[in-house]
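All chains, full assembly: derive it from the sequences and hints.
Keeping their order, the protein sequence lines are chains A and B. Residue numbers for the first sequence, in our numbering: 1 to 345. Residue numbers for the second sequence, in our numbering: 1 to 136.
Bear in mind the hints are in silico, worked out from the structure with no lab data behind them. The structure presented is a predicted model; accordingly, all values stated were derived computationally and were not measured. Don't take every hint at face value.
Once the Cα atoms are required to be at most 20 Å apart in a straight line, the calculated DMTMM-like pairs of lysine to aspartate or glutamate come out as [claimed, not checked]: (1) A:Lys88 / B:Glu133; (2) B:Lys103 / A:Asp46; (3) B:Lys19 / A:Glu71; (4) A:Lys328 / A:Asp46; (5) A:Lys34 / A:Glu256; (6) B:Lys76 / A:Asp332; (7) A:Lys326 / B:Glu133.
Sample of chain B residues lacking proximity to chain A, with all beta carbon distances greater than 10 Å (derived) [unchecked claim]: (8) Lys6; (9) Glu88; (10) Lys108.
Glycine is no exception: its CB is placed at the ideal position from the N, C-alpha and C atoms.
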Amino acid sequence: MDIGIVGYGCYIPRLRISVEEIARVWGADAESYKKGLIVEEKAVPDMDEDTVTISVEAAKNALLRAGIDPEKIGSVYVGSESHPYAVKPSGTVVAEALGIGSNVMIADFEFACKAGTAAMQCCYGLVKAGEIEYGLAIGADTSQGRPGDALEYTAAAAGAAFIIGKDPLAKLEGTCSFTTDTSDFWRREGADYPSHGARFTGKPAYFKHVTSASKMLMDKLSLKPADFKYAVFHMPNGKFPLTASKMLGFSKEQIENGFVVNKIGNPYSGSSPVGLCATLDVAQPGDRILMTSYGSGAGSDSFSFMVTDKILERREKAKKTQDYIKNKQNIDYGVYVKLRRKLRV
Amino acid sequence: MRMPHKSSVPLFWRLKDSKYRLIGSRCTTCKEVFFPKKNLCPVCRRRGSIEDMQFNGNGRIVSYTIVRVPPEGFEKYAPYAVAVIDLEEGARVSGQVVGNITKVRTGKQVRTVFRKIHEDGSDGLINYGLKWEIAE
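Below is the structure:
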């Protein structure tokens, strides 16, 4: 029996702040940032939204599409680098809110921006081993960026949830990871904002891991870029995934459906998962999708999915990625500062 | 030693079914529905039989107000809308309506969204639950 994504769903907060607005405050050249990052605006969480609330809303959409009894879910893994508690798992609240019951394995995952895809791999392993019927994997973040830092233009909020099990709408054909000790981006315990190695986050970090994991998976499955209809790469900005796809031999057309960074920014653990949701929103049975995440520290998880005919009956059962992207309200930097608690009173 | 949090930890825990998932109750004798839950049907009394009921999370605004002078702990949310809502299945509840407050109107259809309700300072618990959004 095939194993893969039985149901998927995303959630993107309604508020946005534009690159122009952030650049205005810091006296920066908005046009050069927009052109350099290929980002117009980013999603901002409201005062009462966090990784847990985003995870619940995304998972509700995944459950609607899967059409399964929540109590059949045997594992809930929430991947994030902005879990609201240092001690108290996000997954406990998420499972309770979804009515999953108590017979469930729960753990919070952390691996910078790839914690959500690591959760998908674990759920896949457990389903394949026959330990659970369904697993819920979530990647969600309310990302932090130091005021005035280049990261502030992209660090965004959003998340995506995937129910992994049998009878999938997208069969998981294979997955692998490429992981090394590369310190390109980090946040120490108790620190409010992450630090990064600026240009060092590129060649030896993002590009090395994303291209290596993608190549490793294609070799493993004897596939080449032309065998994929779509591809999704982690989107810390717009330039990186475009360059990585070019390096690997993918065309712009193959990645444009999952290219959400220009409208919502980089929701860290939610980045490539939201891109995958946007791609599943348009994919047809028989389409093959490559997804490669990237988490600083550093590692990449690569997946190959084959879309099945189940997509046609399940896709319309919940809100799509574009519905969330279009439903927006822009805020100014003052409100943003208040919402992100950068203002100490 | 006193803990830094102010709110009761067990109180919210006891109510989590209704706060997280809108679980109310129904009398199987007279079919009346209740939110919050009741242990005894006030109509049928001892002839009644109460069971848990999952409301679907859809409703309609009956009345609303905009809170501009909030109680302690809710200052950062102000101004915010609080509405009285008739649930599709029949019970009447009150709750906060999220999003653009200028769009909140009597008669609007609403549905539940999962949000933070209250934070007990920076050291205490974050209490989650359902709020309402205008259905597009």
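Against the structure, the hints:
1. Our distance criterion of 20 Å between C-alpha atoms is broken by Lys88 (chain A) and Glu133 (chain B), whose separation comes to about 28 Å.
2. About 17 Å separates the Cα atoms of Lys103 (chain B) and Asp46 (chain A), which keeps this hinted pair within 20 Å; it holds.
3. Taking the CA atoms of Lys19 (chain B) and Glu71 (chain A), the gap is about 19 Å. The hint holds against a cut of 20 Å.
4. Annotation: proposed proximity of Lys328 (chain A) to Asp46 (chain A) holds, straight-line Cα distance about 12 Å (limit 20 Å).
5. Distance hint between Lys34 (chain A) and Glu256 (chain A) is fulfilled; the C-alpha atoms sit about 18 Å from each other, no more than 20 Å.
6. Pair hint Lys76 (chain B) plus Asp332 (chain A) holds up; C-alpha atoms about 17 Å apart against a cutoff of 20 Å.
7. A C-alpha spacing of about 16 Å is found between Lys326 (chain A) and Glu133 (chain B), which places the hinted pair at or below 20 Å, so the restraint holds.
8. Its beta-carbon lying about 18 Å from the closest one in chain A, Lys6 (chain B) satisfies the requirement of being farther than 10 Å from that chain.
9. Every CB of chain A is more than 10 Å from the CB of Glu88 (chain B) (nearest about 17 Å), matching its label as outside the interface.
10. No Cβ of chain A comes within 10 Å of the Cβ of Lys108 (chain B); the nearest lies about 16 Å off, and the non-interface call holds.
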